[in-house]
Amino acid sequence: MSGAKILDVNQLTMRFGGIVAVQELSFSAERRKITALIGPNGAGKTTVFNCITGFYKPTGGTIRLAHDDGKVIALERLNDFRIAKQAKVARTFQNIRLFPGMTVLENLMVAQHNMLMRASGLTFLGLIGAPSYRSAEQSAIDLATDWLKRVGLLDRADDAAGNLAYGDQRRLEIARAMCTEPALLCLDEPAAGLNARESAALSELLLSIRGDQGTSILLIEHDMSVVMEISDQIVVMDHGVKIAEGTPREVRDDPKVIAAYLGADEEEAMAVMESGS
Amino acid sequence: MDYFAQQLINGLVLGSIYGLIAIGYTMVYGIVGMINFAHGDIFMIGGFIALITFLILISFGLTAVPLILLIVLLVSMAITALYGWTVERIAYRPLRHSFRLAPMLSAIGMSFVLTNYSQVAQGARVKPIPPLITGGHTLHESADGFVIQLSNIQIVVVITTVVLLAIFTWLVSRTRLGRDMRACEQDQTMAALLGVDVDRTISMTFVIGAALAAVAGLMYLLYYGLVDFFMGFVAGIKAFTAAVLGGIGSLPGAMLGGLAIGLIETFWSAYFSVEYKDVAAFSILIVVLIFLPTGLLGRPEVEKV
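Those sequence lines, one after another, are chains X and W. FYI, the working numbering numbers position 1 of the first sequence as 20, with every residue one higher than the one before it. FYI, the working numbering numbers position 25 of the second sequence as 393, with every residue one higher than the one before it.
Calculated from the structure, these hints are not laboratory results. Fair warning: this is a prediction, and the values are worked out from it, not measured in the lab. Honestly, I wouldn't trust all of these hints.
Keeping only pairs whose Cα atoms sit at most 16 angstroms apart, straight-line, the calculated EDC-like set for lysine to aspartate or glutamate is [said to hold, decoys possible]:
id, chain 1, residue 1, chain 2, residue 2
1, X, 104, W, 565
2, X, 104, W, 567
3, W, 495, W, 596
With the rest of the complex left out, here is chain X (with noise of 0.2 angstroms):
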């Protein structure tokens, strides 16, 4: 695996009973790059994602995630916590998953949980407020309110999370997702429900994640002006296997591709097709 990729999908293969989700899947992800897995639904993208994440233990096949340092993790064997704290990978969902009942800042705190727990050595120096305790929970707060603040949602910090509207939960998952510092980001259609100027806000954000934070970014999204606009490499799924890669250019004229999204919906087909134009 060479230093330029963060993540190896090798052979991934994925069965419920008799149906074969997701069947010898290979793709890579290159660091500091913001690669797409597109498709028709029931592709088996959000497969693919509960896979990495530790949802799923796959059937068969690999997930390697290469480190920075050159530490090599393979993600198939993680799960739960260990997902986060030790390969450092966070997700969204295709549907917020916010705490609604927690306000906005005490989101992106807990995200911060992993630093905040060495600091407190394992609760204790937390509780009698030991001044190195101190500091990192002060950080914490730091770097949750820069986050707020390049989301634009620095006013509503103290407002209960569910109670921000839907554009700005989405915004505020990908900050909270961003403060657990991840190597990898996963992002199941970020787009999902947000209009026009909101979505371009949201291409410019993911853009400005992998430019500032040189965070790798693994996108799902049937939002094509998005996906077209910041992806560096696509990957293109159809009923559970890979039906095609490259850069948006190569996939957008490829005819499996067209055709793929003809068959599927020919709405998509569409939105596929007149991207290129």
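Guided by the hints, dock chain W onto chain X, whose structure is given.
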């Protein structure tokens, strides 16, 4: 009027003890969505550990009452917390992803185990202790000779409860642990994805609940001067009722429910009949639940753990 005031004091003290136990029920319900039926027995264990620690300290010839109380408090909190942790670890965690009723049945079983374990280990007889905190203050003496008494032990119970409640509220609303607990309560999967160790957070919830129950056990021991292996059952049911009355899942609700149950019981005993005090408490629960199905403070947006 004087009689009323005296009963009000008695009711608030009893309610404080119920409230401390009720917090344990409501916290666990909030985070794992199950009723921990063994919690009443954890309270009983707390009382026994306090008694045993007390006897050990006396046998060492320790006589300074404040020091004894402090040591007894810390030891019973620590050991009872260990019990709470162990119960969760062996009886609930293996069943966490099983069907919904499994942990509840396991909890009922655990309750029997703890009750019988105490009966075997400590005997079935009521264990008394001599009063540790004596004396009191006469607040008011009326013309017909009725005296409103506020005993020192009542002051200790109420002050301890208020202090613990303040610490606990701070813990839940201001600390990392409290944030993690609230996050786990709202979405365990997402909390885990952000790096929160959900199992550990749930364990801590049981530990804190058990420590509060231990304090309630000690207060009970000091106030009534006795413990027995069966006291966890009735106290547990009452505290559970208090948690439901206040709105299960809501922390202020648990305390409010505890005070309500304590007051109802005391006033009913004072003005009607002692024998029917439980009937009164549970009847009021039923009436409240008919009109407020989520309890007094159990609105969905109420912050809960």
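Hints and how they fare:
1. Proposed proximity of residue 104 (chain X) and residue 565 (chain W) is supported: the alpha carbons are some 9 angstroms apart, at most 16 angstroms.
2. Straight-line distance between C-alpha atoms of residue 104 (chain X) and residue 567 (chain W) comes to about 15 angstroms, which keeps the hinted pair within the 16 angstroms bound.
3. Between residue 495 (chain W) and residue 596 (chain W), the direct Cα distance comes to roughly 6 angstroms. Compliance with the 16 angstroms bound is thereby established for this hinted pair.
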